[in-house]
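S.K.: Taken in sequence, the protein lines are chains Y and S.
Quick note on numbering: our numbering labels position 98 of the first sequence as 98, and the sequence is numbered without any gaps.
Quick note on numbering: our numbering labels position 86 of the second sequence as 86, and the sequence is numbered without any gaps.
I should point out that these hints are in silico values taken from the structure, not numbers from a laboratory.
All C-beta atoms, glycine included, are put in the ideal place defined by N, C-alpha and C.
Check before you lean on any hint, since a few could be wrong.
[Unchecked claim] Only some residues are given here: those of chain Y computed to face chain S with a beta carbon under 10 Å: (1) Val4; (2) Thr7; (3) Pro8; (4) Gln41; (5) Gly42; (6) Gln44; (7) Ser101; (8) Pro102; (9) Phe105.
[Said to hold, decoys possible] Computed list of lysine-lysine pairs in BS3-like fashion (alpha-carbon distance at most 30 Å, straight line): (10) Y:Lys9 <-> S:Lys49; (11) S:Lys52 <-> Y:Lys9; (12) S:Lys60 <-> S:Lys107; (13) S:Lys107 <-> S:Lys52; (14) S:Lys77 <-> S:Lys52; (15) Y:Lys57 <-> S:Lys107; (16) Y:Lys57 <-> S:Lys68.
[As the list claims (entries may be wrong)] Here's a subset of chain Y near chain S, in silico, CB distances under 10 Å, partners left out: (17) Ser2; (18) Gln37; (19) Phe69; (20) Ser99.
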Amino acid sequence: DSGVTQTPKHLITATGQRVTLRCSPRSGDLSVYWYQQSLDQGLQFLIQYYNGEERAKGNILERFSAQQFPDLHSELNLSSLELGDSALYFCASSVSGASNSPLHFGNGTRLTVT
Amino acid sequence: GDSVTQMEGPVTLSEEAFLTINCTYTATGYPSLFWYVQYPGEGLQLLLKATKADDKGSNKGFEATYRKETTSFHLEKGSVQVSDSAVYFCALSGPLMNRDDKIIFGKGTRLHILP
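With the hints as constraints, model all of the structure from the sequences given.
M.R.: What follows is the structure, encoded as structure tokens:
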């Protein structure tokens, strides 16, 4: 058990809809990362937060947004969903947010857009 | 830009066989290198890491040596078990002094061990 909790585990929704994915980091970890995993693209970095502030941005679409709250949990919002957004979305956390600090991953949220 | 290239899978071996999964990288400076493992239905877990040239990371019988001269970090295990069946990801990150460095993952290599 990594200590990182993601909800929900599965999400099925229709194109054009909006969903929110939630992540609680491991106790004591200040940094949260969001990744998208799909069969053809592999593991794509979306965005990183550290102690409530955005730290780094990756291949995150404008339709997607995220935030980290004062209690350090994070939410990833996906809107105007398209079929191609179907993927596994992982949250990871680390103690310091330094790039060589190991990441602890949750079990992911599987999003299916129909 | 920085990148990681790992051998394409799937790799299928018999139990007790020797395993090598190749990983090479392109990076400026001196990155830290990692292997992560993803078991079915789970998130990634750190398997081992190395932070400087000639360092050897090891865990659960797996080993990888940071080779700066060949920009490689190949994963090896002397005798694999069925329970090692998983997807293995090679990853790199920038030096500690650059806090904006991202962690970059390879595409993953699926390993399937036959009993």
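S.K.: Now tell me if each hint is right for this structure.
M.R.: The hints, checked one at a time:
Annotation: Y:Val4 was flagged as interfacial toward chain S, and the flag holds, the nearest CB pair being 7 Å apart, inside 10 Å. Interface hint at Y:Thr7: violated, since its Cβ lies 14 Å from the closest Cβ of chain S, which is beyond the 10 Å cut-off. With 10 Å as the threshold, the beta carbon of Y:Pro8 stays out of range of chain S, its nearest partner Cβ sitting at about 15 Å, so the hint is violated. A cut of 10 Å between beta carbons decides the hint on Y:Gln41: the least distance to chain S is about 8 Å, and the hint holds.
About 4 Å separates the beta-carbon of Y:Gly42 from the nearest beta-carbon of chain S, less than 10 Å, and the hint is met. Residue-level restraint check for Y:Gln44 holds (minimum Cβ-Cβ distance to chain S is 9 Å; threshold 10 Å). Restraint check, Y:Ser101 versus chain S: the minimum CB separation of about 8 Å is within 10 Å; hint holds. Given hint, Y:Pro102 at the interface with chain S, holds; its Cβ is 4 Å from that chain's nearest Cβ, closer than 10 Å.
At its closest, the beta carbon of Y:Phe105 sits 3 Å from a beta carbon of chain S; the interface hint therefore holds under the 10 Å criterion. Distance check on the hinted pair: Y:Lys9 and S:Lys49 sit about 29 Å apart at the alpha-carbon level, within 30 Å; holds. Straight-line distance between C-alpha atoms of S:Lys52 and Y:Lys9 comes to about 37 Å, which puts the hinted pair past the 30 Å bound. Distance restraint check for S:Lys60 and S:Lys107: the Cα-Cα separation of roughly 22 Å lies within the 30 Å cut-off, and the hinted pair is therefore satisfied.
About 23 Å separates the Cα atoms of S:Lys107 and S:Lys52, which keeps this hinted pair within 30 Å; it holds. For the hint linking S:Lys77 to S:Lys52, the alpha-carbon distance of about 21 Å falls within 30 Å, and the restraint holds. Our distance criterion of 30 Å between C-alpha atoms is met by Y:Lys57 and S:Lys107, whose separation comes to about 19 Å. Restraint check for Y:Lys57 and S:Lys68: satisfied, since their Cα atoms lie roughly 28 Å apart, inside the 30 Å limit.
The closest approach between the C-beta of Y:Ser2 and any C-beta of chain S is roughly 6 Å, which is under the 10 Å cut-off, so the hint is satisfied. The interface hint given for Y:Gln37 holds, since its Cβ lies 9 Å from the closest Cβ of chain S, which is under the 10 Å cut-off. The interface hint given for Y:Phe69 is violated, since its Cβ lies 21 Å from the closest Cβ of chain S, which is over the 10 Å cut-off. Annotation: Y:Ser99 was flagged as interfacial toward chain S, and the flag holds, the nearest CB pair being 4 Å apart, inside 10 Å.
Hint violations for this structure: numbers 2, 3, 11 and 19, all remaining hints satisfied.
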